[in-house]
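> These protein sequence lines map, in sequence, to chains P and H.
Numbering of the first sequence is given in this note's numbering, commencing with residue 1 and proceeding in unit increments.
Numbering of the second sequence is given in this note's numbering, commencing with residue 1001 and proceeding in unit increments.
Hints were generated in silico from the structure; no laboratory data involved.
Check the hints yourself; a few may be wrong.
Pairs of lysine-lysine residues, derived as PhoX-like cross-links and limited to a Cα-Cα distance of at most 25 Å, are as follows [unchecked claim]:
(1) 279(P) - 303(P)
(2) 35(P) - 1002(H)
(3) 1073(H) - 88(P)
(4) 488(P) - 571(P)
(5) 22(P) - 1073(H)
(6) 35(P) - 1005(H)
(7) 300(P) - 1119(H)
(8) 1073(H) - 87(P)
(9) 245(P) - 1073(H)
(10) 1154(H) - 88(P)
(11) 22(P) - 1002(H)
(12) 323(P) - 475(P)
(13) 1073(H) - 18(P)
Remember, predicted model here, so these are calculated numbers, not experimental data.
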Amino acid sequence: MTKKGIFGQILNRFNKMKHIIKVNVNDTDYEVAVKPGAALLELIREELNLIGTKRGCGLGDCGACTVLLDGKPVNSCIILALEVNGKKVQTIEGLATGETLHPIQQAFIEKGAIQCGFCSPGMILRTKSLLDEKPNATTEEIKHDLSGNLCRCTGYTKILEAIETAKAYLNGEKPKDIEFQPQKSVMNLSVVGKRLPKLDAPDKATGRAIYTDDIRLPNMIYGKLLLSPVPHAQIRSIDTTEAEKVPGVKVILTGADVPDVKWGTSPARYDETVLAKDKVRFVGDVVAAIAAIDEETCYKAMKLIKVDYKELPAVFDPEEAMKDGAPRLFDNKYENNINTRVDHHFGDIEKGFAEADHIREARFVGNRTYQNPLEPHCAIAEWDRHNKVTLYTSTQVVHYVHHQLSRILDLPLGNIRVIMTNCGGGFGVKAATNTLEILSVFLAKRTGCPVKMRFTREEMYLYGRGRHKQYIDLKIGVKNDGTITAVKQKAVLEGGAYSSFGIVSTYYAGSMLATLYKFPNYKFDGYRVNTNLPPCGAFRGHGCPHPRFAFESLLSMIADDIGMDHIDIRKKNAMEPEYHTCNDLDIHSCEFQACLDLVRKKSGWNKKKGKLPSGRGIGIGCGGFVSGAGYPIYRSKFPHSNAIIKVEEDGSKAVLFVGDADIGQGSDTILAQSAAEAMGISFDRISVISADSDITPLGFGAYSSRVTLMGGNASKMAGEEVKKKVLSAAAQVLNISEENLDAKDNKVFVKDNPEKNISWQEAAAAYFSTGGPLVGKGHYSPPEGLGGTYKGAAVGTSPAYSFSATVCEVKVDMATGKVRVLNFWDAHDCGTAINPMAVEGQAEGAVLMGMSEVLFEDEVFDHRGKILNADLHNYLIASSADMPLIDSSIVDGYEPQGPFGAKEVGEGATLPVFGAIANAIEDAIGVRIYDLPITPEKILKAIKSKSK
Amino acid sequence: MKTIKIQLLVNNNEYEVSVSPNETLLDILRERLGLTGTKRGCEIGECGACTVVMNGEAVNSCLILAPQADGSKIMTVEGLMRNGEYHPLQQSFLNHDAVHCGFCTPGMLMSAYVLLQQKQNPTETGIKQAIAGNLCRCTGYQQIVEAIGDVGKKGETD
Chain P
1 MTKKGIFGQI
11 LNRFNKMKHI
21 IKVNVNDTDY
31 EVAVKPGAAL
41 LELIREELNL
51 IGTKRGCGLG
61 DCGACTVLLD
71 GKPVNSCIIL
81 ALEVNGKKVQ
91 TIEGLATGET
101 LHPIQQAFIE
111 KGAIQCGFCS
121 PGMILRTKSL
131 LDEKPNATTE
141 EIKHDLSGNL
151 CRCTGYTKIL
161 EAIETAKAYL
171 NGEKPKDIEF
181 QPQKSVMNLS
191 VVGKRLPKLD
201 APDKATGRAI
211 YTDDIRLPNM
221 IYGKLLLSPV
231 PHAQIRSIDT
241 TEAEKVPGVK
251 VILTGADVPD
261 VKWGTSPARY
271 DETVLAKDKV
281 RFVGDVVAAI
291 AAIDEETCYK
301 AMKLIKVDYK
311 ELPAVFDPEE
321 AMKDGAPRLF
331 DNKYENNINT
341 RVDHHFGDIE
351 KGFAEADHIR
361 EARFVGNRTY
371 QNPLEPHCAI
381 AEWDRHNKVT
391 LYTSTQVVHY
401 VHHQLSRILD
411 LPLGNIRVIM
421 TNCGGGFGVK
431 AATNTLEILS
441 VFLAKRTGCP
451 VKMRFTREEM
461 YLYGRGRHKQ
471 YIDLKIGVKN
481 DGTITAVKQK
491 AVLEGGAYSS
501 FGIVSTYYAG
511 SMLATLYKFP
521 NYKFDGYRVN
531 TNLPPCGAFR
541 GHGCPHPRFA
551 FESLLSMIAD
561 DIGMDHIDIR
571 KKNAMEPEYH
581 TCNDLDIHSC
591 EFQACLDLVR
601 KKSGWNKKKG
611 KLPSGRGIGI
621 GCGGFVSGAG
631 YPIYRSKFPH
641 SNAIIKVEED
651 GSKAVLFVGD
661 ADIGQGSDTI
671 LAQSAAEAMG
681 ISFDRISVIS
691 ADSDITPLGF
701 GAYSSRVTLM
711 GGNASKMAGE
721 EVKKKVLSAA
731 AQVLNISEEN
741 LDAKDNKVFV
751 KDNPEKNISW
761 QEAAAAYFST
771 GGPLVGKGHY
781 SPPEGLGGTY
791 KGAAVGTSPA
801 YSFSATVCEV
811 KVDMATGKVR
821 VLNFWDAHDC
831 GTAINPMAVE
841 GQAEGAVLMG
851 MSEVLFEDEV
861 FDHRGKILNA
871 DLHNYLIASS
881 ADMPLIDSSI
891 VDGYEPQGPF
901 GAKEVGEGAT
911 LPVFGAIANA
921 IEDAIGVRIY
931 DLPITPEKIL
941 KAIKSKSK
Chain H
1001 MKTIKIQLLV
1011 NNNEYEVSVS
1021 PNETLLDILR
1031 ERLGLTGTKR
1041 GCEIGECGAC
1051 TVVMNGEAVN
1061 SCLILAPQAD
1071 GSKIMTVEGL
1081 MRNGEYHPLQ
1091 QSFLNHDAVH
1101 CGFCTPGMLM
1111 SAYVLLQQKQ
1121 NPTETGIKQA
1131 IAGNLCRCTG
1141 YQQIVEAIGD
1151 VGKKGETD
């Protein structure tokens, strides 16, 4: 083709000529020009703007991008767009007919199979192809067929239930009802305690839900980060001259272009710079940021940036790093690389051990695991002409991002708007401010364009902030009757290069051992040590799972030593209500005994324990967690959760505004249930806007399992204020004093004569007519004075604590060491379950995630600190093929501090899993494994060493 | 209808897009390249809201068929700012309160930009002629003419 026009010459530089292909997508014919290297996923998302298809890994591992190609499911990220010429593609957007959902979509919504929703489009299409082919697919066939579609939230349990329901719908049958016994505490409630589908599930089932990467702003450009390839080095110089010449490059920022301010998560240890100033401390440390017209151009330019590194000795093992003379990551702080040191002693440890009839100690080692939310981190920043920046981001905590940006940019909070989009899973890794959120803001400022930045799956691992690997020396003393007299724990946490949440992680590793069992004497020595590896942070159960794994393992070992049943020794020491722990934590409601009794009964423990054949085993583990931290990371007197409710002028509907974040756990739904119950209206009359710093009031977000209790209390309080105003208006209409009225189920009625009533809507409209906007406000602060007065006493404090017990049954192949987890029986004390279906979803997801960590997950590094398995095919997470049967129960309970009696479930349900599996494997093979993950190699080695 | 590929240099960024012969440059800018600063006012070349600079001339992009633009250099309002700073014309429009509803503004700025490229310090009549194809229903044009005139006087043409 001859190029016309004066710029033909420039344009002819195009080296990759696009090709035009014809493709039918969702019954529409398209002719589009595609680059030879472009994937079908790019064609679908970028060219056709069908953003329901998600990009999870880019390597065909996760299945989030599943579409149907001529009716067959494919990973669209590994199909070239050119290959689909003349073919037919179906995406999630093509599944529903108008407003009528496909039965599979309907079933996924009804059965609670959707949490963060990022896997849902792919999962639903995969299910469709399976049921098209095999309308009566068996459970095993379903689990096998779905195993290429990873879900990190649900534990697949509710997905399987949904598919059974979908099968029934498609075959014209009535789906089986779920057996469910409501809790005593919700008997007189209308909205709370109901198994309601999540508010956002329909959008997530149809591909309409907008995640950050789905947003495309006008004139938007893209940013990428240049990461250090070496683990420890001085930067002598950076030369960006050649890189800046690449056509399409807008700006390249290095350390010299950004403020000197240090940032991080814990104010006591801000130690990260916006871009490396003079030194890099791990493979993945951020050296430069590039903005260009597209990501491809960013990568081209990145290769031309010349960085002169003077390599320094590096250290990767925390116990090595603590030694005198080890390479230091920071010259002027963290002596011996010890980033955090905790030295706690409660009661009298010497006396405690002296009183013990039996003492046992052992060393346990955890694993370095990564949260792996299905959705990679993504952020888009845009500045307006009034020095105000808007950031769209996939975060768990708008408040942290807001606060941290204000510090880094030296701007008032009001000049920064942080909007949380849908979040495709977090599990802790999206709880802190991240490098994309910060650098997109800088790049957008410099270029005047909106800038989108997103991680690849590999970059997610390099950014890190996963679970600290802990080396734990644990010693427990007991009386002959099993009573614990003393506990001594030393934990060394491998911290990686920077602090992140690590101070808190270290304190949690110690403090939370004391909330589950009663013991008077306790010593904890904690060390968090910097190494030249990606920083570690907060991961579901924050700092506690490895100590809990050690404790539950050692407790079972001791039970064997003194000839006591594993559940009996736990019942002997189990926490009780209204107990003050040795480290000054106040337990209120506690149904731990009920959890233990229930899993004993459901699992058939008495018939199985010690009686199963070789290769089969059963084990128990327990856990529990805080229901939100008692104190904020950023010290302030502001209430932790806040809510505003605005009712339409005609009283028809209410909108709840909350700062807390729904990351798939369903908090929007739970808070709406709490507010609706408090107002006296039905669930279909409320909607929620959450986590937008300009629109919603301050909320501390989704971390430390805080939202149900704290956001719930704030939402309930706001609802109560609205109700009071509605009752006052109704009193005028009915000419009856306000005290004699109540509201429920969309009616305002006379308490002792319910037949006399008016509609809630009429009363609300009457209020507006005379009083103006009908608004309610609510806020929640934890009780004052929680915890002791010693250093670090704040970590572990909470208004309420959850309790749980899990029994696990496993089958171990004695020839190969392969473990098959057959069953979990889990019981959780979350007080009142505001939404039992959501609670079960949390517990099932937590159980499977815990199992995945125990059996499969471990980050592997080479001798130069470079991660070797930064993907989802060398770092395996549990798929549907691995899932056991999970029976999750909620025991009756009521937490006086919580809204309608509710407390946490999200993290507490992970904690029992580690010990339960370890104990079950020991029961099966007769040898104990002390380090995670418990792989077939370790099991075989253990079996061999035993037989010697 | 046969789809064809065209290449464009828009605001100094290279693009290759597939277009139908009946699509307009306006369609491509707004719907395909996401440059929504250029506005759709009448679609028959009467209002000027869609004005862009094409190979140095102000054109109504709604009247240019996309294949006609193949190989062209285009500038839209998004290309006016440099490194996050206003172009003098934009600053002058703000100073003179020449932006009301703002719908004609991008096209108006493009016409003014071309005028100042072609003629230093244009007369008031010259300015009026140059923007005669750009309709504004809010301002009565007076503030716009003054805004452009100011920039012309200062000689800040680029």
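> Could you work out which of the previously given hints the structure breaks and list their numbers from low to high?
Numbers 3, 5, 7, 8, 10 - these are the hints that the structure violates, sorted from lowest upward.
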